[in-house]
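First to last, the sequence lines map onto chains A and D.
Using the UniProt record's numbering, the first residue of the first sequence is number 1, and each one after it goes up by one.
Using the UniProt record's numbering, the first residue of the second sequence is number 1, and each one after it goes up by one.
If you are wondering where the hints come from, they were derived from the structure by calculation, not from laboratory data.
A few of these clues could be false.
Since the list gives no way to pick out one identical chain from another, each pair is judged satisfied if it fits inside one copy or across any two copies.
[Said to hold, decoys possible] Listed below are the simulated BS3-like cross-link pairs for lysine-lysine, each with C-alpha atoms no more than 25 angstroms apart in a straight line: (1) 473 / 634; (2) 373 / 583; (3) 634 / 238; (4) 473 / 327; (5) 473 / 71; (6) 473 / 40; (7) 575 / 327; (8) 608 / 470; (9) 470 / 349; (10) 45 / 470; (11) 45 / 327; (12) 473 / 612.
Chain by chain, the residues:
There are 2 protein chains.
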Amino acid sequence: MGVNSNRVEDFSSQETTLRITTESIVPGMEIHNVCLPPKKTTLQKLKQRLGEIFFPDDPLYRFKNQTWCKKLLLGLQFLFPIFQWGPEYSLRLLRSDIISGLTIASLAIPQGISYAKLANLPPIVGLYSSFVPPLIYSILGSSRHLGVGPVSIASLVMGSMLSETVSPHDEPILYLKLAFTATFFAGLFQASLGFLRLGFVIDFLSKATLVGFMAGAAVIVSLQQLKGLLGIVHFTTKMQFIPVISSVFNHRDEWSWQTIVVGVSFLVFLLTSRHIIFNGLTQSMKRPKLFWVSAAAPLTSVILSTILVLCFKLKTHKISIIGYLPKGLNPPSANMLSFSGPDLALAIKTGIVTGILSLTEGIAVGRTFAALKNYQVDGNKEMMAIGLMNMAGSCSSCYVTTGSFSRSAVNYNAGAQTAVSNIIMATAVLVTLLFLMPLFYYTPNVILGAIIVTAVIGLIDYQAAYRLWKVDKLDFLACMCSFFGVLFISVPSGLGIAVGVSVFKILLHVTRPNTLIMGNIRGTNVYQCLGRYKEASRIPSFLVLAIESPIYFANSTYLQERILRWIREEEDWIKANNEGALKCVILDMTAVTAIDTSGIDLVCELRKMLEKRSFQLVLANPVGSVMEKLHQSKTLDSFGLNGIYLTVGEAVADISALWKSQP
Amino acid sequence: MGVNSNRVEDFSSQETTLRITTESIVPGMEIHNVCLPPKKTTLQKLKQRLGEIFFPDDPLYRFKNQTWCKKLLLGLQFLFPIFQWGPEYSLRLLRSDIISGLTIASLAIPQGISYAKLANLPPIVGLYSSFVPPLIYSILGSSRHLGVGPVSIASLVMGSMLSETVSPHDEPILYLKLAFTATFFAGLFQASLGFLRLGFVIDFLSKATLVGFMAGAAVIVSLQQLKGLLGIVHFTTKMQFIPVISSVFNHRDEWSWQTIVVGVSFLVFLLTSRHIIFNGLTQSMKRPKLFWVSAAAPLTSVILSTILVLCFKLKTHKISIIGYLPKGLNPPSANMLSFSGPDLALAIKTGIVTGILSLTEGIAVGRTFAALKNYQVDGNKEMMAIGLMNMAGSCSSCYVTTGSFSRSAVNYNAGAQTAVSNIIMATAVLVTLLFLMPLFYYTPNVILGAIIVTAVIGLIDYQAAYRLWKVDKLDFLACMCSFFGVLFISVPSGLGIAVGVSVFKILLHVTRPNTLIMGNIRGTNVYQCLGRYKEASRIPSFLVLAIESPIYFANSTYLQERILRWIREEEDWIKANNEGALKCVILDMTAVTAIDTSGIDLVCELRKMLEKRSFQLVLANPVGSVMEKLHQSKTLDSFGLNGIYLTVGEAVADISALWKSQP
């Protein structure tokens, strides 16, 4: 014991210095003390922890060491990103923005009408929603390429959730009121998430969940469009697979061949034009040069089909048309928001679900294009921008909008430079609203169905699902749960189940962590898993175990059993191989990134149990927080000398030297 | 690049060997390949994973390499542990067991009567429950010191949950039926947990949760006993703090001073006798030699108070007494189990909650005493034993029983050697049931209240709560949540909230993992946290970050932001200190014990982003499963040479050598 008595660990005085033994026994192997982290008060720790939770990006770092005047300017730029790029705006940039703005407008107009129909709202609401929100986003938003407008997922979720309770055909005013109220709550929810810096909530919708969710939603929505594509008049408003399918086949007498012919031909045209360009909506573009084919295809279809119907006017009674759309700007709708009544809970629920989903799309799309052009998008700020835009939208006859993938992709490829392209698009929509509405009178509904199917079918990302299967089976399970959940139960349940599976996966990993038996890699101080590295070999009399998880209440019992089993198996192995008896168990704590009171109890109990069987228990490389808790709970004192080492290598060297000196 | 071209990582051929460069540039620093884990099929992996989840203790290891005959014997011993110790049972052991059995019987009889009252059941049911279940446990159970019988927590939870819906006074038969049905479901639930090897479910009730829960329950139950101690006749059946307190003070006119005097004096006697011995019921004994004081105190109180009442017979109309108890053995009650009707859900819910709670106590107590005597208790087998004992109990007029801490402690200290002490206790209870019941006629109810208060007050473990506060603030929060939840809402809600807080804690750790900046400890290859080890120093041009958590969907966005912030801060620091420019970012992946598809996307994206800013991204020491997923997702290929190293030290050495050779 005297050998390294200069290594007395003075834990009580909380020294954090490192002392090195000069008289180490193994040549070249110095023994280092394990330090406690610098001492902090509970308040300091809380402050640091809260800082990590709510301000991981240190949003105020720009303001450090600046003059007051500069700080004011930076603050203004922080709140209104338009002041960042505004002063440097030039005619050259404007030209690019006009081209891209007009391009997305040609996509936005038919999309707006179609998506509004998807949400069971009057088509004109889709156009309103492509006017006010983009203007607001262009002032508040920090992405330069986001094309703002209604999106398919949020539209269909709103449509499905609201129409389960209120029929859009029997009570159109109530339905509209609910939609605006839900939009308001979506915006409020989004803005609060951003304001309270709780943006990480959307991270719980993992990509796996979203892949499954979008595919399920796309299948349901495509099936629902059979109403328009087949010309069926009486159709279920339910959103589950079985009622929709039975609705399609129970009304075979209502199928109209004229509608089917028009629908199928335009569907083929639209799908082909999409297929040339995209690898599925959520993925990359195949041929960015041809982006305009895809961008112009919906408007072309609308124009062509309208002309077609107009020319063969006689047959319009067989093909349903959009009909009269009111001219004029967004009417105010603040008076339609209702914060009482029996449907308030439904509106809030719909608002939260559509809010989360549209945020997820908006933030992901913003980040994608920002990464392509190498600038940063601040998640929490984006949430506030999108939230405020929806709150304003709900007061001006708009429903939920966000950054749309298809518009943003077209916008980016058309060469958009700043958010001005959104202003140009809004202006184009304005002109349409003021002057061009009558042109849509003869547009057949079937074409809107075709546009919707084309949009949502791209959401089915079977390649991503295959990748999930290949890389991570549990991710694939979450994906399938959300797919079938959405298809057969409902949108919120599907999402809920998938989030549950994802969280379960995390808990499973914690409840049943890996423990590995480690060996020394010859000629080094490195210890690695015996099963994985053939060059790793056991050290006689030592059992080195690595625990690959924090030690919590949820796994302390398991770990105790598992460690005892490792020891039992090691003893059996020693007996079978006639090796030297086991004397010391080393736990490599590098991956034990946290410990709670149950974990500390485990360590204490294990030490006592092993002591009874005259084995020594040694901890190697406990991380700062674990070290601190061991100290606070006085467990450290019971380990004392030769109980805690910086590395496994040092532990083995020091302890075997000690054995040699005390035979 | 030619320098270590013999280190070409042949990932495609999945070689798991380790090759060492002979021509390493830094003297003494060999560069090792990072291996993939041995290849396994999905089925093999699933089998191993399920094995870890359900059979972490490898229960069949005893059967390996044995003859058929031996296997049969081992199987019999496995199912009925009585065959393990039965053949070696001796007269010496029997003597010890008789002494300890009679000692716990003297505790069990008053306890049984009191706890049954606590559950709002007829007192005789408590005695029935101390007869059949111990007999069954002594055959099936694997603990040698567990004293089986009703316990306070399960009794009070059953009482509170059932009496919220059904009044035990107005509908005693229905109440009894529900209690037996709940007991049946508790047993079924416990046995299934054991049979399906899902025992880890009870681990989710962490010690912190239980400390708070027991304290809250003890406060409520003690307050409820004021009914008996003050002699109040009309009392609420609610279990929340406020109705109980108001019930006490609204019936001040019913308080009877005779009852109060008797109650308080015996309470003081009991508490004193307890206090001599225990440091709180859940903790250790202070003076094991004096155990019999505590063990005999309840029976002494019952006898003394009964004599007292008998002598002053005239005043019995002021002190309520137990009254007539039927003589005779447990009547069968299988006909009272009802598996239909409106209260089935209540019975199931009560069964599950009491089942979990009694399991938690039983298993924990069994493990505690097994650890003291250095033998193993198989959790899943214990669950089956306790579950079967409760199922059998529900058919013989018993309610929920388990291993009780107080009985086991007395049993252990009285020198119990095997489960025979339970048989002796059951025999003593049998004699009482057959012949001694009339003696309890004059026992005052107030004494039962005093016994209950004494028992539950020991459940308030304020020292443990203080320890939680000192070591882990979030554990303390869970503890407080369950305390106040039980006190002010209800037992299941309180437990639910506490489990929620505990799970939230795990998720918080995953959502906001630590990232540390590492430095080299002079003269070694060890890299440690810069803030913690003063001897650790930065390596110019390198930024070494350790990620202390698996990378999941829930933290991949955070980690990306945080890593980019570290890089930004490092660059600021370099600028301020005029150091060499940053060229390489090394992620130490030792503690990244798992990765999912979102995590892989993070790694890929980070690599691309850093490449654009001409930084190199290097991973050090990825664990087996991470390596495997990186390989499956083809991410490994994009890292290629000089992208993955076994240790940070090797990465730094190899890359800086490379830079030197390519200036």
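Legend entry - Enumerated hints in conflict with the structure, sorted upward: The structure conflicts with hints 3, 4, 5, 7, 9, 11 and 12, although it agrees with all the remaining ones.
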